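Undergrad: Next come the chains, spelled out residue by residue.
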Amino acid sequence: MDLSWRRVGWALLPIVVTAAVLVILPPVWFGDSPYTTSLAVQAMVFASYGVGFNLIFGSTNQLFLCVGALAGVGGYGAAILVNETSLPMAAGLVVGTVSAALVGGLLSWIAVRRSLGIIFTGIVTLVFSLAFANLLLGQRDLTGAENGLVVEGVPDRLADDHVGGYYLFVGLLIAFLVVFRALQLSHVGWAFRALRDDEVAAELAGVDVARYRIYAATIGSAMIGLTGALLAFSTGFISPATYSFDRVDVRVLVFVAFGGLGMLLGPVIGASVFAILDEQLTTSFETREVLYGVFIIAIFLGFRRGVVYAVVKLVRRFVPARRVSDATG
Amino acid sequence: MTAVILDGIVLGLAFGLLGVGMTLVYGLGGVLNLAYGQIVVLAAIVAMIVIDDGRATLVAAILGVLAAAAIAVVLDLTLMRPVYRERGEERTLLGLLLTLGAAFVIGGVLSWRYPDGALYIYIAGDPLSILGVPMTRGSIWASVIALAVGALLLLFFGATTFGRGVRSVIQDEVGARLVGINPSFVRTVIFALSGALAGIVAMTNAMVGPLTVNAGFELTTFALIVTVVGGLGSVAGAFLAGVLLGVVNSLSAHYIGQYITTIILLGAAALTILIRPRGLLGR
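For the record, the sequence lines run as chains G and P.
If you're matching positions, the first sequence starts at 1 in our numbering and goes up one per residue.
If you're matching positions, the second sequence starts at 1001 in our numbering and goes up one per residue.
Keep in mind the hints are simulated off the structure, nothing from the lab.
Since the structure is predicted, the reported quantities are computational estimates derived from the model, not experimental observations.
Even for Gly, the Cβ is constructed at its ideal location relative to N, Cα and C.
Check before you lean on any hint, since a few could be wrong.
To spell it out: a stretch of chain G is covered by chain P in this simulated footprint if at least three of its residues, at any positions, have a beta carbon under 8 Å from a beta carbon of chain P; those stretches are [to be verified]:
| hint | segment |
| --- | --- |
| 1 | 110 to 121 |
| 2 | 129 to 135 |
| 3 | 295 to 302 |
Far from chain G, by Cβ distances over 12 Å, these chain P residues were calculated [claimed, not checked]:
| hint | residue |
| --- | --- |
| 4 | ALA1070 |
| 5 | ILE1260 |
| 6 | ILE1264 |
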């Protein structure tokens, strides 16, 4: 028992360190600049999306090209509910999260039932993204189309350019990381690893691949939806661009792949590195697009398992790992 | 009613021509080229530059098509090499991600250098009356070119030795290698052909209406839908699906409304994947 508690402690250590670093950042670095704070909030939002995407794609190989759309289901669901009725913000958050989870679970259920491969799952979810974007533009009365939607009922200190807003999203991210780690440590994580390594072998060993895929998609989509809903309240204004494919999905893919698919801190590292890059490069949207393209190509050509993995491997080469000597000794 | 259906057929032939370049590359090696729409835009921008330079439209169109074919060959010789070293789903996934990156690079450079870039090829002459419906010369030309290209492609794959070689690689890569066909050479040629087709799409689309620099993503989406519905790897399927979707598009745009139309088209693609993943004419 003692040993297993120590294991849990070690497993949570990276999250504790991350939390500590993220919490002390505002006073030592950007606390007084609204611009930098809003960039940091962006990074936390994308890291949170990334944890959800990492759970779906990184853990169970389902290429969900609809992160933006799922976040939009959460965001618009919450915003429309709160705007149209007099229900409180919390109700909006719950409804947004549950709707995103249901949509994600349904997409995964369809993909699993029709045994679509990675590619067809990607195409179906991409098609869903585009249809959702069109729906937003079409339902003008509810969504305000391209003019966007003002979301009511946000306390000012939690707005996305205040330190309060930053801590809100740090809290969300840390909670997601804990959930992700807990899943990894439980039998669910064991099943994820098995089905990712070899689907057929996992099925033969008695892992219900279909069920675990749907679990991962539902939980991951709930995370993405909750982030999207919270973002809607925090910025006080959403438009189709907030959740569009090229603004959300592409960046999430780059961040998660940069950090390393399936790795706990992958999304956090990816989102942070690119936030710093964004802060340094005050270039136009187009040149940033070119840069992202170059990064996608470089990452997938050079560091297929993420930059973090590559660095760890490089360090291991020079510093012999302790585990090796333990095993031989 | 006739006018709406004719409109749909014109649009559908354009869709078919758009889908055929993507479907060929997919059939040949399992790569869905997500940079396809951006290659179309590249051809249009090259043609625009040449026209602005004072050259004849025909010269500009040919140079545009050649530029598209050239960039496709460059993609094949650089990014696609590591992709083809993989097998099965790994290959498809890596191809998808790398071409997505290429799409951002090409699209980003073009919209950064030519933010207001657009190509419109005006074809002079009064509208012709077909079945009592006046059609602009531009859309007639575009449809004729699409039909001619479709016929040539079918002829090429059905009646020439090289075309048969291509089909053998589509059917069985290892088997084709055993009978002395070099799959990687065949792939380079087909990539070039696909690029040239993208260039032709740019010209025919510009005959019907202006093709702007930001159209890349939308073009890729439509090509993807046509490819999926028609059956991955099937030339005739792409044209059949294109015309079908074109007619559905103009019927529903006319009777229901434009925004529902896009959702109907997307729904058609999703349904095809779910009900008949091989597509209409796929193997």
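Undergrad: For every hint, state whether the structure bears it out.
TA: Here is how each hint holds up against the structure:
1. A stretch counts as covered by a chain when three or more of its residues have a beta carbon under 8 Å from one of that chain; for the segment 110 to 121 of chain G and chain P the count is 7, and the coverage holds.
2. Closer than 8 Å: that is the beta-carbon criterion, and the segment 129 to 135 of chain G has 4 residues meeting it against chain P, so the requirement of 3 holds.
3. Look at the segment 295 to 302 of chain G against chain P: 5 of its residues bring a Cβ nearer than 8 Å to a Cβ of that chain, three or more, so the hint holds.
4. No Cβ of chain G approaches the Cβ of ALA1070/P within 12 Å, the least distance being about 19 Å, so the stated non-interface status holds.
5. For ILE1260/P, the condition that its CB be more than 12 Å from all CB atoms of chain G is violated, with the nearest at approximately 7 Å.
6. Interface exclusion of ILE1264/P from chain G breaks down, the closest Cβ pair being 10 Å apart, not more than 12 Å.
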